[in-house]
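**Q** Generate coordinates for the entire structure from the input sequences, incorporating the hints supplied.
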Amino acid sequence: MARIELRSIQKFFGAVQVLKDVNLTIEDGEFVVMLGQSGCGKTTTLRAIAGLETVSSGTISIDGREVQDLRAADRDIAFVFQSFSLYPHMTVYENIAFPLRAVGMSQDQREAAVREVAKVLGIERLLNRKPSALSGGDMQRVAIGRALVRRPKALLMDEPIGALDAKLREQMRAEIKRLHIARNSTSVYVTHDQIEAMSLADRIVVMHGGLLQQVGAPEEVYNRPANLFVAQFVGSPVMNVSGVAIEGGAGAAVLSFGQGAGIPVAGGHVGHIPGGKAVKLGIRPEAVLLRHEPGEGFVETTTTNVEPLGSHEIVDVRLGETTLRARVEPGFVADGQRVWVGLDPQRAHFFDGETGLALRRTA
Amino acid sequence: MARIELKGISKSFGAQRALRDLDLVVEDGEFFVLLGRTGAGKTTTLRVIAGLEKPDTGSVAIGNRDVGGWTAAERDVALVLQQYSLYPRLTVRGNLEFPLRSRVRNFSEEEIAARVQKAAQTLQITHLLDRKVERLSGGEMQRVSIGRAIVRQPSVFLMDEPLSALDAKLRESLRVELKKLHSDLGATFLFVTHDQVEAMSMGDKIGVLQQGRLVQVGTPADIYERPLNTFVARSVGSPPMNLIDGQLSGGMAEIGACRLPVRAAAGAGQAVTFGVRPENVVLESGAPGEARIFDIEDQGVIKVLSMDMGETRLHVTVPAGTHVARDEVVRFGWKPERVLTFDPQTGVNLALA
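As given, the protein sequences belong to chains A and B, one line each in that order.
According to this note's numbering, the stretch in the first sequence is residues 2 to 364, in order.
According to this note's numbering, the stretch in the second sequence is residues 463 to 815, in order.
Incorrect hints may appear among the rest.
[To be verified] Using C-beta positions, here's what the derived DEER-type ranges look like:
| id | chain 1 | residue 1 | chain 2 | residue 2 | range |
| --- | --- | --- | --- | --- | --- |
| 1 | B | Asp629 | A | Lys131 | 34 to 40 Å |
| 2 | B | Asp707 | A | Ala167 | 54 to 60 Å |
| 3 | A | Glu220 | B | Ala576 | 51 to 57 Å |
| 4 | A | Ala183 | B | Ser626 | 52 to 58 Å |
| 5 | A | Asp203 | B | Ala733 | 29 to 35 Å |
| 6 | A | Ala167 | B | Gln807 | 25 to 31 Å |
| 7 | A | Arg8 | B | Ser547 | 45 to 51 Å |
[What the hints assert, rightly or not] Among the chain B residues that face chain A by a calculated CB cut under 10 Å, a handful are:
| id | residue |
| --- | --- |
| 8 | Met664 |
| 9 | Ser700 |
| 10 | Pro702 |
| 11 | Arg739 |
| 12 | Gly762 |
| 13 | Ser768 |
| 14 | Thr774 |
| 15 | Ala782 |
| 16 | Thr784 |
For the record, the hints were derived by calculation from the structure and aren't laboratory data.
Note that CB positions come from ideal geometry on N, CA and C, so glycine has one too.
**A** Structure representation (structure tokens):
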């Protein structure tokens, strides 16, 4: 049980500021994923919570108690790394039991704790093996078991499945999530993989340049990105972003993509955007609509690339000075073919051309 | 003309057999992708074609001429690797000029300048020509190393995971650029990768390698929809194709207690492995299948469900708006015309056997 609060955390490595005023509250029992590129500060934040890294200023509290000056061992937090760091000369059982050696526990209690955690992780049959006889996935299960056996207040994980192959990663994702639900422990998980973040998190924390860019549930981060960075970091293929000019007024407006290419939209969709400002349109490939015949709100164009991906296809079309990627059914259109392109205005995002911040409808 | 033909190529490294009796044809001007896991023999195949590795047996022909006795330099192929290996002290221009200044080539200064200019234009790096390589981003460096291959105007490009070290966004845009480059140059491309998305999205043809053997060659649609066996079936598509053991009986798949229709030959109770892709399973009330939701992954545009049908875990992709909860019991069917049948012992696709 743990509520973790970070207040005004700053961290310098020499002259380089890696955390710039990080404020974040992680609720008891929540699964929070910190998502960002390498160097964004996500691992530093995690290590600061764990006590593996000091902070230059700010406070960290766990259940209301300030811990920033406590040693890692006194914070009652467990940590799982990408490298498994198991003791090679010990069996799986001994590895999992290791953190209990300093805890006042009877032999029976200790064994019960190890068996319980091994059962949750599905590694009971491996208890007598040495780590060298385990697969990558099983090693990471053991590492997680070792972290959980003490029933720590919180579990922190730094890219724990980043070194595993794709198939195993998929499987471990589901297991980690189930484990979290079963144990209801507060979990903080660091990754650069947006799919991992989307699929694991109760809330995602997107970081960039030492700053929190957005904190929100996966569907919120996906559907209402706070700025251009978040918009283009989450989602695959990447959200289309293009400079547009908005012409016309409240009744009916036209999104102009240059070279005379414009798509009409109802004024209500763009009425909130201040005039005379450089604006960028962001639109996900699934909200770029293609059809085989003309229609209102659709503009004639030609496909310039088709990526068949089996379950769906990604088609590129030119629109004025920009290229838009659209997600379509397999076999919908061939490369170099004439199509009509439109946009789903409900799913169009607008961003300030200078700051990159989302221009939201006030509703 | 640069048709590549490998016949009966075997290659061992000590006790390890990297390639086993490999036959491979890449047609002139084709974009051919070799797809395989680590250790499947992809890189060895490339190196054999490039002349960097001598096969134990078999022949290599480029443009219908046996090049077995030719050195790497004589083969007129360009190799692009994952590591850029550019000269850090030189500018981009210096790196691009380098292969043209080789003494065996004897190009005039005008010719060199023209070729560098053209390559830079093709790759949109003209503005970087006078910059030092060490000041470039990863994507720019990879463009320069492709540029260094282009200037020689070879008829064959061999590419070994050139996009793997780049971030997701850059990989996406370079995929499109490489395809465009291929159609502009009209050269033969042989591209090696472990990434099924790259293979599906770029290849005119895909060759699936398994333990030094070529298992299947086909268009992306062939490989995705008509895989020869379960290995090929699971090497493309994400999440991978579901494989479910059951019986085929009177045009129905019998899996545990449930019966689902299939289009395969009627069958009389023989054991079969059914293959169905996640997008061809449909959640529907009243449908014949029953499963319990184990996990839900929200990927924004879609949700990926893992669900347990008895002992079998299935992956299903559903629209993002679908509302289901963990441990909920759901009913499901599938698209019968999209269900494949495999031999449970050999894994061979029964429709193609």
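**Q** Now tell me, hint by hint, if it's right for this structure.
**A** To see whether the hints hold, each was checked on the structure:
1. Under the hint 34 to 40 Å, the C-beta atoms of Asp629 (chain B) and Lys131 (chain A), about 37 Å apart, fit the expected range.
2. A hinted range of 54 to 60 Å is violated for the C-beta pair Asp707 (chain B) and Ala167 (chain A), which are about 23 Å apart.
3. About 53 Å separates the C-beta atoms of Glu220 (chain A) and Ala576 (chain B), a value consistent with the hinted range of 51 to 57 Å.
4. Taking the beta carbon of each, Ala183 (chain A) and Ser626 (chain B) are about 36 Å apart, not inside 52 to 58 Å as hinted.
5. Between Asp203 (chain A) and Ala733 (chain B) the beta carbons are some 43 Å apart, a value that contradicts the proposed interval 29 to 35 Å.
6. At about 27 Å, the beta-carbon gap between Ala167 (chain A) and Gln807 (chain B) stays in the expected band of 25 to 31 Å.
7. Restraint check, Arg8 (chain A) to Ser547 (chain B): a C-beta distance of roughly 48 Å satisfies the suggested window 45 to 51 Å.
8. The restraint placing Met664 (chain B) at the interface with chain A holds, with a minimum CB-CB distance near 8 Å, inside the 10 Å limit.
9. Taking 10 Å as the C-beta cut-off, the interface hint given for Ser700 (chain B) holds, the closest approach to chain A being about 8 Å.
10. A cut of 10 Å between beta carbons decides the hint on Pro702 (chain B): the least distance to chain A is about 7 Å, and the hint holds.
11. For Arg739 (chain B), the shortest C-beta to C-beta distance to chain A is roughly 7 Å, which falls under 10 Å, so the interface hint holds.
12. Contact between Gly762 (chain B) and chain A, as hinted, is supported at the beta carbon level, the nearest pair being about 4 Å apart and thus within 10 Å.
13. About 5 Å separates the beta-carbon of Ser768 (chain B) from the nearest beta-carbon of chain A, less than 10 Å, and the hint is met.
14. Checking Thr774 (chain B) against chain A: minimum C-beta separation of about 14 Å lies over 10 Å; hint violated.
15. About 8 Å separates the beta-carbon of Ala782 (chain B) from the nearest beta-carbon of chain A, less than 10 Å, and the hint is met.
16. This hint is violated: Thr784 (chain B) has a C-beta 12 Å from the nearest C-beta of chain A, more than the 10 Å allowed.
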